[in-house]
Each structure stands twice: as C-alpha cells, then as structure tokens.
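Taken in sequence, the protein lines are chains B and E.
Under my numbering, the first residue of the first sequence is numbered 2, with each subsequent residue one higher.
Under my numbering, the first residue of the second sequence is numbered 2, with each subsequent residue one higher.
Mixed in with the good hints, there may be bad ones.
Which copy is meant is left open, because identical chains are indistinguishable; a pair holds if it fits in one copy or across any two.
[As the list claims (entries may be wrong)] Straight-line C-alpha distance at most 30 Å; calculated DSSO-like pairs for lysine-lysine:
#, residue 1, residue 2
1, K440, K502
2, K440, K9
3, K287, K104
4, K409, K444
5, K3, K18
6, K172, K437
7, K18, K409
8, K409, K519
Simulated from the structure, these hints should not be mistaken for laboratory data.
Letter by letter, the chains look like this.
Number of protein chains: 2
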Amino acid sequence: MKYNNLDKAASFEALKKIRPVDIRTVLTKQRIDSFSIPAGGGMQYSYAAMPVSEETVDCFQKLADEQELTEKYRSLLSGDVINLGEARQVLHQMLRGPVLQHKVIVDGQDKNAFYKEQLERIRVFSEKIRSGELRGSTGKKFDTVCQIGIGGSDLGPRALYIALKVYCEGKGIKLLDGQFISNVDPDDAAEVLSRINMETTLFIVVSKSGTTLETLTNRDLVISAMGKLEPRHHVVAVTSESSPLAHSEGVLDAFFIDDYIGGRYSATSAVGAVVLSCTCGFDVFKQVLDGAHEADEMCLEPDVRKNAAMMDACIEIYLRNVMGLPCLAVLPYSQALLRFPAHLQQLSMESNGKHVNRFGEQIDYSTEPIVFGEPGTNGQHSFYQLLHQGTDIVPINFIGFSESQFGKDIVVDSSTSQRKLVANLVAQIVAFAQGKDDKNPNKQFAGNRYSSLLSAKKLTPQTLGALLAHYENKTMFEGFLWNINSFDQEGVQLGKVLAKKVLRGCEGDEALLAYLSKF
Amino acid sequence: MKYNNLDKAASFEALKKIRPVDIRTVLTKQRIDSFSIPAGGGMQYSYAAMPVSEETVDCFQKLADEQELTEKYRSLLSGDVINLGEARQVLHQMLRGPVLQHKVIVDGQDKNAFYKEQLERIRVFSEKIRSGELRGSTGKKFDTVCQIGIGGSDLGPRALYIALKVYCEGKGIKLLDGQFISNVDPDDAAEVLSRINMETTLFIVVSKSGTTLETLTNRDLVISAMGKLEPRHHVVAVTSESSPLAHSEGVLDAFFIDDYIGGRYSATSAVGAVVLSCTCGFDVFKQVLDGAHEADEMCLEPDVRKNAAMMDACIEIYLRNVMGLPCLAVLPYSQALLRFPAHLQQLSMESNGKHVNRFGEQIDYSTEPIVFGEPGTNGQHSFYQLLHQGTDIVPINFIGFSESQFGKDIVVDSSTSQRKLVANLVAQIVAFAQGKDDKNPNKQFAGNRYSSLLSAKKLTPQTLGALLAHYENKTMFEGFLWNINSFDQEGVQLGKVLAKKVLRGCEGDEALLAYLSKF
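Just chain B, with the same shape it has in the complex:
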C-alpha cells in the first residue's frame, strides 16, 4: 500500500485543471436522476447540485484508485494499524458486524467476539432495566437514564437519542427518559438534576480512559447529590477493561470498549449502546447497527459512482482543495436531527482538522473545513441570508425525509406541515443552485451555491445508522485522500496541560496569571 500526500497524486493535478461546472443551468431531470447513489438504510445520496461533471467524476475515480481508497478501507477492516500515531487498529465498523471475513486478533483477543459479547451483555442488562428486574436502591423502577460523558461520549449518543426518541414516541415504543450531563460547568449537572428524580434514574458514567476530568467531576457531583441513595444501584460504567472506573466498587455493572474505538466513532459501541438500549430498547439500537453495517458494506465498492461516502469525500476534496472553499453547512430538514450537526463537528473537525500527514510530516494543502448547521426550516430564518447572498460560497449537505416521525400533522392552506417542510427543502436546493437575475442587485441571487442531498422515506433507526456511518466513512475516505491520520487528536493536548498548570496556580506564567486575574 502507498500512503502518498494528496498533492503528490497525478490525478489531483488533473483534478485541479477541471473547472467547476456552472450549475445554474444544468439541473435537468436526467442529471438529477443519474447523479444519485444508494447510501444504505434506504437513503439516496444526490450530488446533481454539486459543481461536477462526468469528467470530474472520472477524475475522482482515478484519484480514488491512485490513493487506494478501498484497499485502505480493507486494510483498516483487516486490523492493520491505521492509527499510526497512537499505534492502534481502527475497529469501529466491526461494532456493527464484520464487513470482511477476516478474524481480527488484537492483544490476544478476537475483537469481533469481544464486541459481540459486550453487545449481548448490554442487551440483557437493558432488558432488566426496562422490565424493572433491576431497580433503584429504594426499589423503584427506573424511568430515566442519564449519561455522564463528554465529546464522543456525549455528542453522538445524544444526537442519536434525540432522533430515536421521537421515532419511538411516534411508533408507541416504550421510552425511558434520556438525559445527558457533559460540561464541567457545574450548571450543566445542576440543571439536569433539577429536572429528574434521582430515585428512578440510572446514571451511565462514560470515559474510555476512566480519567476524563469533566466526567469524573460530574460523576462525583451527581453522587454527592444522591443523599441516601446507594450509588451501586444507580451507576454503571462504560470504560476500558483496564481503567480505574471498571474496578470501582460503587458501580452496578461495567461495559467495555477498547483503544480501537475512537471517541468520535464510538456511538455504536457500548458508549451509545447502553444509553440507547435502556431508553429506546435493544431492538431499536440493533436496527441502528444494521443500518450502519449496510452503509459500511457499501463502502467496499471501488466504483465511486456506486459508493456514496467515497463520492461525498471526493467532492469535498474538490470543493476544499481545488475551489478553496473553507466551510461546509450541514442542514437537516428534520427536527429529529437537531444535534446531528454538533456530532458531525466533532467527527469531521477532530478527525481531519490536521496539519500533518499520517507520518507526522507537515502538509501543504488545506484539510477539514469548518462544519456547522441547524435544522431547516429554522436555518432559513437565521443564517441563510448569508448562504444566498453573502460574499463567500458555502457548500451545503442537505438531509431530508418524506415522512415525519410522529405522523401528527395538519393540513393548513391545503398542505401538511411535512409537505411544507419538503417543499422548502426542494426550493432551497434549486434556489441556491440556480439563483435569480434581477435588475436590483439587492434582489439578485448569483446562484452556483452548491449542495448535495441525503434523502429517505423516513428517519428510521436503520436510516439513522446508515446516516451516521455515511459521515464516518466519508471522514475516513477524506483522511485517506489527504493522507492524514483521522483517528488521533494531538491538538487537544496543549489546552489540557495548561489547564492543569492553571489549577496548580499558574507556576509563574505571566499570561495565565493575567487572564486568570479577570475571574
């Protein structure tokens, strides 16, 4: 396998010579129908409103082949040490089921068997919580599950919970209330605790290392608020087998992850499994895994025209490294995906916001753009003014569904709310792409504002799983294209070191002392 920088690839040189397609006039039915790829979970990825032609896509194919994208994916799946900086395998896809038939043995352990075993333990545990076989220390059934974690132990599981909650409510599936405490700001825990009954709450403390400052602090804060309740009936841990948390006496049970699941890729591990299985039921969580697994399998496809995540990654490279565009908006037309963009910020910006290649050498091209987003139509009444008429082009990922989650809807002015939602989404794609001429420059829309669309019938758990995996796999392929390590995060270390220095009294550091004196 060759790991070459993007700017060493001959096909990237060729790609740079291909001019962006003017999309104001090309949106024919034929293009919209054909520039579309199944993405798993019933989703379609459409890139008709991206500035690419068949020639561009041919060049993407050459680039994908030259950078050996599927080979590298196979290598990752086979248990090669892809995370070179930390000398670790990368195994999050295996959480959803084996994509290849290879056994992956690490540290003397069959990893597929290990993940299956943890999942089975979580199934059994979650059913005991939901049935009332396991109860709080005063004998009451649990009706609330509160995750204590930060970063990947918070953002992914929270985004999934918000989406699955409304799915379950719409389907009449029994739901325990899910709550999340993440921030070291004590107001975060205080606000959540003011809303819940601790007697009927199960707390899940999630930290792979078992040493995360925010999470241990919040655990202690929660336990100190428990009064006469016994923590060992109310607290479970999700951590690595060797962590101090795993062997703490004050926990009801512990479920395990390992070093081969990065935090931002951990939503389908025990990190997401415990809270989602307890709140929404194991069956629902299993469907998330199935959707993700389907998307993972589709990524083996070497033809970029049939591999949605790979196409999405190649388009991002074109937008970022050929066109020089620094941002990406992710705009789900689904209130259920309220916090999905926040998860994607971590997934993409922590994975690929790097200035060195996978060998630790400085690189000379741009990597991950800024990712942001809010649900539509809310965003239309907020920052879309800039997207339509600002001075920079911001490419967009739209996400949308034919049906709502609850199905509680009403006809006003001869259309349902869901129909209005979809109408707005479709209108925005075309408005951004085609623009509008007007003699008055203030009413002029330049067009050529690029977007893709992930669409499906409904945001089912399978669709949600595929959506999650689509972005994970897109991120992975981008990392391969940029030749960076998408699985470490050295950039978070310096802040941690300096925060400890501040807590030790700043050790004479003038800048730290001067800023601290403001508080």
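Place chain E on chain B using the hints.
Just chain E, lined up with the frame of chain B:
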C-alpha cells in the same frame, strides 16, 4: 453624513499595510491589563490576544472616524431612515430606554411612548399570569409558557430564556416552564406537545407580519390539539398592530411590535418580553433591558479604546478584510449560553451576509464570516482539534464568568467545577495564542490563533442584556464599516417564492419536480 464603501476609506488602505502582530510572545501582564474595555453589565472586553498593536488601534480610530461610526449611530438613534432598502427607521435600542433625548415620531406616533406602553402592558399581563389571576379555560393556573415563532421570534428569546432559567433557579426566583416551537417540521410541535399539559399552558404566537408560514401552521397545529380547551384563554399574540393576528377573536390578548424592530433585533421587544416576563418575572426581564441600555449608551463613545462594540467590530474588519479569515467561533464557557451562538448566527449572518452596499450596489470586499460555536468545555472535546492544529486560522470570541448560576458545586482534586471551567478557558486563550514548539510536528502548535474575551463576575440578567446588546451593536458598527444595510434580508425571499411554487405543484419547473420526486 457620508456613506462610503470600506475600500474607499483612506484609513482602510492604511490598515491593510499594518502587519498582524505575532501574539506568541506579546502576552504580558501589561498588555492583558490595558487591552481591555468595559462593555456594560459588569463585563470587560479583552482583545490582548488579537493580532493588533497600538498602531493598529490608532488606525481603527481613523477608520471609525472616517466612516463616522458614532455619528451614524446617533443618526440611527435619532430616527433617521437607516434601513434604506425597506425605507424604515431602526429603533431596537429604544426598547431598552432612550439613549439620546430626541423624541422619535414615526407614523405620527411617539415611538418611545409606544414601546413603554407595550412594556407596561406586558408587565401587568405577566403578573396576572404568574399570580394566577389569569387562568386557563379549565380554571387552572398556568405553569408553562410556550412560544410559537421562528427566526428572531425564536432564537434570541430562547437563548435568553435558557440563560435566565438557570439564573432564576439559582436565585430561587419563581419560574414557569418555557417551551418553544419553531420548525414547520411537525415533529417539533409534536415533541413539545408530548411533554406539556395544555390545560396549564399559555401559548404566545409571535409573527410581526402575522403571515409567517411556519408560525401560523404551528399555531393551527397547536389549536387543533387543544380539544375542549378554549384557545381564547390560552393564546396571546405578539405582532404588529395592523396584522391579521392582532384582530383575531381567538386570542386572549395581543402585544405589539412595529416595522422598526427587525426580527433578529427583537429579543428586547414584546417578542422576548412576554415569554421572559411570564416565565422569569418582569423584574428579571427589566434587568436585561437595563444591561442592554447600559451597553447601548457606552456605544456613543467615539474613542475606540473605550467602546467595546466598536473595537470588536474594527477587529473583525481587520481579521476579515485585511487577513482574509472567513470564520469566527463564539465559545461561551457557560452552559447557560448553550444557544447563544445560534442566536448570534442569525444576528450576524442575516444582518451582514450581504453582497451589496446600503444603496444596493455590488461591493468588492468580503462581508460577514461564518459564525459558529458551542459551549466550552464541550467544544474542547469536539472541534478544538481543528482550531489548534487545522490548516486555517479561526479567530475566537471567548465568553466566561467567575461564578456559576446555580452555585451548586463540588471540590474534586482540590478545585471546584467552576474553577476547572475557568482554568480551561484561561488555558485555551494562552494555548491558542502562544502555541508550543515540538520536534514532532504532530505535537506542534503553531500558535497565533487569535481570540478575544468577554468576562464578568456572573451571568446576571444585566450582564446577559449587555452581552446581547454588545453583539447587536458590534453588528451595527460592522454594517457601517462595510457600508451595508444590516437591517434588511432580501436573501431569504427566493427560497420562499420557490417553496410556494413547489406547493402549487412546481408549475412545470423541471429541477423542482425532479428533486420533489425523491420524496
């Protein structure tokens, strides 16, 4: 008054010649102490970690003088037609009290008297709701207040409510539960309605025009779910006096705004006043107004070294138009400000995401950057990797407070959570600015990642009001510097027009039909 484009200003030409200060080595106590300006509500604005020198600030002063920033602000306050495109006055500062002594008469009405009258009506009404003098149609006291609105009728009031809620809880001030429905996605209303008791809920329908698609649809959806409850006991309107909503029979009362308060500037109008006074009490809301008024008054100061909003605006121009930086991160180290960045997205990107000057002429320089953010320390475990080690520089606005809202805290490892929060904030400012050398490029931090800091003792209602006004006034000054109209939003029209076309069946539009067929 001269309204000149930024690139016609001689001082902008001079500013372009000033090189950014290398901030890796300049963070002395003296600089940190002196590069600091009171910003109202007990806040300090610190810009020591921005790439500016005394020379740069001298040039800012020339630019501020040349673009006549305080004169234009005075003109706005005096009731001149600043919103030229819509031929309207801009009067949101007056909502907090008169900054100048001029009377402003528009449409034959003394505007100060009008806003005072509405505020007094809201005081009386909110006290009746909170005391139980006004009750739902089954005779029960209201315990929940649900705002139905979108854009400025949602984001600002919601951000303020989240912050004030924890302040009130911490202070033991009686709180009614606040809820918000915004999205036309029917799942938004369905999810909120699944959580509340309609018998004890007051709904506030907010739409200046009385014609906002999302809001009217959600109002109808809510009313259809009321069953035997009588809407005229449960629904109030916030709208303009001439709107159809104002004269609807099915409302308990109506409170008025007018055309001189833009949606994104309306949080201190009846749009925010009714929901915040009912949930948190009028006194608390009045303190928000007082804090905002203090910040408004401070903006009259022509010396940029004494005018925090003006300094912040000038620095933004330098980052954007001299250094070419396309994004701005707003990172509050306060869980109470969870949704404040979402409000700022609308405020800044809808106001200043423009490609024409205030006369409707195309301009040749960049305007508003992309604004995004999440609370710290959460963001540290998410996208900070990119901010520290990504290939682009993203300037940062930090916000932080000495004390938490609840005051419920715990000592772990000899420091409280609040102390850890502040330590992290201070550490990040210095880490971003100074970076760290390392032989291993993967552990190398380039530094020169610029930030400012708004700090105060505690996020009181006054501080919150000043914070809100700081960003409103910064946005206004930026608009004056760019010579754009920060108070219209023509860029949202095309999408609305096309959405209606889709709802009429697409009228043969091939692109709309082809995209619609995906749903």
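Taking the hints in turn, this is what the structure says about them:
no., hint, verdict
1, K440 to K502, "between (60 Å within a copy, 22 Å between copies)"
2, K440 to K9, "between (46 Å within a copy, 24 Å between copies)"
3, K287 to K104, "within (22 Å within a copy, 66 Å between copies)"
4, K409 to K444, "neither (37 Å within a copy, 52 Å between copies)"
5, K3 to K18, "within (24 Å within a copy, 45 Å between copies)"
6, K172 to K437, "neither (42 Å within a copy, 53 Å between copies)"
7, K18 to K409, "neither (51 Å within a copy, 60 Å between copies)"
8, K409 to K519, "between (51 Å within a copy, 22 Å between copies)"
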